[in-house]
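Chains as they are written, first to last, in the numbering used here: chain A, 15 to 921; chain B, 22 to 357.
Since the hints were derived computationally from the structure, they do not count as laboratory data.
Treat each hint with caution, since some may be false.
Straight-line Cα separation of at most 20 Å, EDC-like style, residue types lysine to aspartate or glutamate; simulated pairs [as the list claims (entries may be wrong)]: (1) Lys698/A x Asp741/A; (2) Lys698/A x Glu680/A; (3) Lys88/A x Asp114/B; (4) Lys88/A x Glu150/B; (5) Lys342/A x Asp326/A; (6) Lys767/A x Glu478/A.
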Amino acid sequence: MSNLRGLRLRKATLHTKLMVALAILIAVVAGGSATFLIERERAQRLLELEGRAARIADLLGHSLAQPLWNVDGKAIERQLAALASNPDLGEVTVTAVGYGTVVSTRPRRSAETSRTVVRARPIEYAQFESFPPQRIGEVTVVLTRDETDAGLIRARQGILTMIGVVVLAIYAGTYVLLKRMVRTPITRLEATVDRLAAGDLDTRCPVESNDEIGRLAERVNVMADRLRESTGQLRDSEQKYRDIFDNAVEGIFQLDRHGRLREANPAMAWLLGFTTPDALLAAVNDGGTGLLPSADVAALFETLAEKGEITDREIELTRYDGVRAWVKLNARGVGGSPVRPDYLEGFMADITARKHALEEVRAHRDQLEDTVRQRTNELREAKERAEIASRAKSAFIANISHELRTPLNGILGFAQVLRATNPSGERLAAGLSTIQRSGEHLLTLINDLLDIAKVEAGHFELQEDAVDVATLFNELYATVLLEAERKKVRLIVECPRGIPAVVADARRLRQVLMNLLGNAVKFTDEGEVRFGVEPTTYATGSVRLRFYVQDTGIGIPESDQQRIFEPFEQSGDLRRRGQGTGLGLTLSHQLVQQMGGRLDVVSQLGRGSTFSFELTVPVSEMREAAAATAGPIVTYVGPRQLILVADDVEMNRRVICDMLKLYRFEVIEARDGHEALELTLSRKPSLVLTDVWMPGLDGLGLLRELRQRLGAQCMPIIALSASAAEDDRQEALAAGAVDFLAKPVTQDELLVKLGTHLQLQWIHASRERRRVLVIEDNEDVRALVQLTLEEAGHSVAVAEDARRGIETALSERPDIVFIDIGLPDLSGYEVARSIRERADAGMTLIALTGYGEKTDRDRATAAGFDVHLVKPIDPLTLPSLIESSPARQIHRSVAEKSISGAQSGAA
Amino acid sequence: VFLNPGEPVERGTGPYWRMVTSFMRPAARSLGLDLEVLYAERDHLLMLRQAEEVARRTPAPDYVILVNEKLAAQQMLRSLARSPARLVLMHNDLTAEQRREIGNEREHIRNWIGTATTDAARGGYILTEYLYRRLGDREPRILGITGDPNTPVSMERADGVKDYVARAGRGRIDQLAFGDWSYADGERKAAVLLARYPDTNIIWGANDSMALGALRAVRARQASMLVGGIGGFWDAMTSVAEGGLAASSAGDYLIGAWAIVLLHDYHRGVDFAAHGGVNQKLDYMYVVHRDNVARFDDVVLKRSEDLDFRLYSKALNRAPGAYDFRLARLVEAGNS
């Protein structure tokens, strides 16, 4: 029997075995502990009962003493009645000494039938504390064990129930836990391994715990992963090679010695005119034709035996459809021995098309070479023709422009004469202005044409000289400003200080910038035109400058941005077409190229354009040194020099005279050549400045006359011309001029020429920052003065009316105060007077007025003004005016003369 | 009007208040007073309602006699304070606390004219005095069974015993036990105590019942000793006459009659305040023993209707000093 059970147990699951063992173990332990607990409970309850009996007896022994002494039966009965609630109580008897039972409770149960616990205590009482206690009676307490026994039975049932429940709970819990934690996971693991073994490599065992079984499951999973990975890799690799095999462009095949194909890929089949490899194999192997004639097969194996491989063997074979095809074969031997392989494995490529193509190419090549030779000749001839045509065009343009220019000169001259002789006729003057402007325009056109022709003809030469870039920009500014103001376009010049004087062709540079500026203003209706220069790189002795002109005008479409540099190409709307020559940008482009740069444009339609170019130019040492060491020229060392200025146009004359007077020169004016000749001979000036173009005796005539009359005694004569034509310059120099100045004449140019030819030693003002106050109600004038002076590095305060002006003048104590005569609240004269009364004499006061009459000047001088400036104010002269003013402190006498000179010059 | 806390006929609460009434009626009659008795039947709430009713009466009675039964007198006094009737409290005095709250006679409650109580200690005193005399030269060994310790009269009676023992200068009180006034208790206590003190020769009980119970215990032991009681009721008289009890201090039930006397005199213009004060503690107890029991029974108990209380009146018998209510005068007067 036990053998049988053992056998069964051995066959049972781990779970069952564990459960059986656990059942036996729990039964033994539970039985033992139940017995122990019950026995202990019984002993304890008996002990408690005895203790209770003793306690009750003790208690009664004490508490009954007083009532018994007093023979208070009711009190004794009350006390005993209080005990009645005690379920154990059987009987209590109180006896008095010598009397017997005083009180006795009725026994609850028959004392004989119940097992009892009996405790007796004597009752003692001391009547007075000093007396020894007297034994007055005894109390006997009988407790039955009925209640205890009943309690014990209940306790035993409780214990057995509890142990039973605990045992069942443990057993059931263990069963469930074992099932969940061991049996189920192991069963799952088993199933997983079974599935893996069956080849389902994606199956995984869920890992539900971190214990041994969990880790076992993890390892099984890892094992499965590896298995799948390696199987996958194997499959992938097989698939990869299968794909290569199937998708190869070249035919891949295995061929045995009998010419039978063992294996072939689709490409091989197609190559041989079959649709599938199977068809190929069937045809070749079963049809008995073989892939190749057996001789060829033998030859292949022979080659293999000799060389070990077959390389680029070209073979001609017949396709399934009967077409002959050329193939290239590469192969190596497989199986058997290297010398005698079982079969060959190789690639086969169809080279039929290539073979045919090669032959065709060879045929065409010879023909092509002939064609090329022929075309080259044609091109050369065309080029020569084109060059000839170009040269002819240039020559033509030069000729035609020369023809155009001659009458235009006449027109312009005539217009000038008319304007000079009858300036009062307003309409006439307007008409004449139009004639003049048109003429000038035509002249510009012609000049541009000439320049282009010159450049194209390769005859262009740059005339390089020292150029002060800042001066150049000031000139450009002044020239364009009027037009810009007319169009209400803001004009901004950005010429940082410290740009050195450079060696460049000033005329061409000006021409380019002028052209760009003119266009910018022309094509901008609102916003601003900004132009300037910035150094990009410095090198020893040279500087690279970037010139730019930026506008907020109409812009140029991207498609036109290259075309605009072609001759007669203009961008923008037709309305503006007539206003330009159409040659400006072409010429500018070419000129910049000639100067070694490249004109670039960045533009956005509707947003504006930026034209810029960069030039690397040598730094002019002379000007750099001068600029670095001193401030502006104030005057010169030595006696006053007398200079004659000859010009038929009063305005031109006055400009020159004003400039000269600023620097302490004495000036004689002549309106034409004859007057000039006369005055020169009579007054013997140190130097003569003469315009080339003058009615009657012109500048050149004057030159020749003076040279002839004075000979070696002749003072230096400098020719001036508004025409920038090189011809004028050459002619003037040829006529005996020591130098040539193009109009407009800048102050700096003039001073350089005078310094050179009169060998003057200049006195420079120290370059100080002046504090200037402008009291002017007109905002434009105020802004102009402020801007110009701030640009020149001075600090400028402004006041809109006389009251604030006076306050500021007195509190700030500026060096120079510009005062408008026509202020709204107080006349400028009173302002000047008021300042003079309260401030020191060191302040220079300059009157700004619209009236230039002698009486006005006198009135200004009387009010305390130092200088009287007539509006409109030329912004170019302001900086030098300011910079000369503190000379009163350094060279006071000189400055005073300068200022008085300026006053008379402005008249 | 006498607001009697007791019952008109005996129903188990003892004969005391019936006996008090039985002496008040002859007292009133002999002195020419008109007595109306209202029984509260030991129901103090009923007694309070009766007091209210009396207070509302018109015309009001001249005098109302009250008992501080279950401490109800305080409220009755307040109820009756608005009545023109004069009020007298008897038998049980107000407690000290009650007096603190409503004041003494003729103070806050102006128509509360006086209080008459028994000098209980005298009962114990004269009983012990008699028992000593009967014992003769033997050293007295005394066991006392008094009432419950919370009743003032039981302590006062025991004090009277102690006073005499102290005054006599001999004898010893072995133990004073407290009892519940019952016959059975007297018997059991006496039995146990006699076992504890076998040399006892005097046992006294604070009332006749306990004394008779003790007498039974003594007889059960076949011991020879003197047993005395206090009360002077019929069964005690019988026992004394038969040679059972040695003596009984009697007369307690005459307190009502004495109140009638005091009121009579007050009504006649003799204010008891001038003769012992407004709060009279009256000494009148009379020891009835084997020699005088027959006469006492005959004169006082059997013929109570005929008793003439006029001899106690100070209005009728002008005399200075406190009232002398000694019963001996009545017993002897009846004899003459």
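Hint check:
| no. | hint | in the structure |
| --- | --- | --- |
| 1 | Lys698/A x Asp741/A | 29 Å, violated |
| 2 | Lys698/A x Glu680/A | 12 Å, holds |
| 3 | Lys88/A x Asp114/B | 30 Å, violated |
| 4 | Lys88/A x Glu150/B | 32 Å, violated |
| 5 | Lys342/A x Asp326/A | 5 Å, holds |
| 6 | Lys767/A x Glu478/A | 16 Å, holds |
Against the hints set out earlier in the document, violations occur for numbers 1, 3 and 4.
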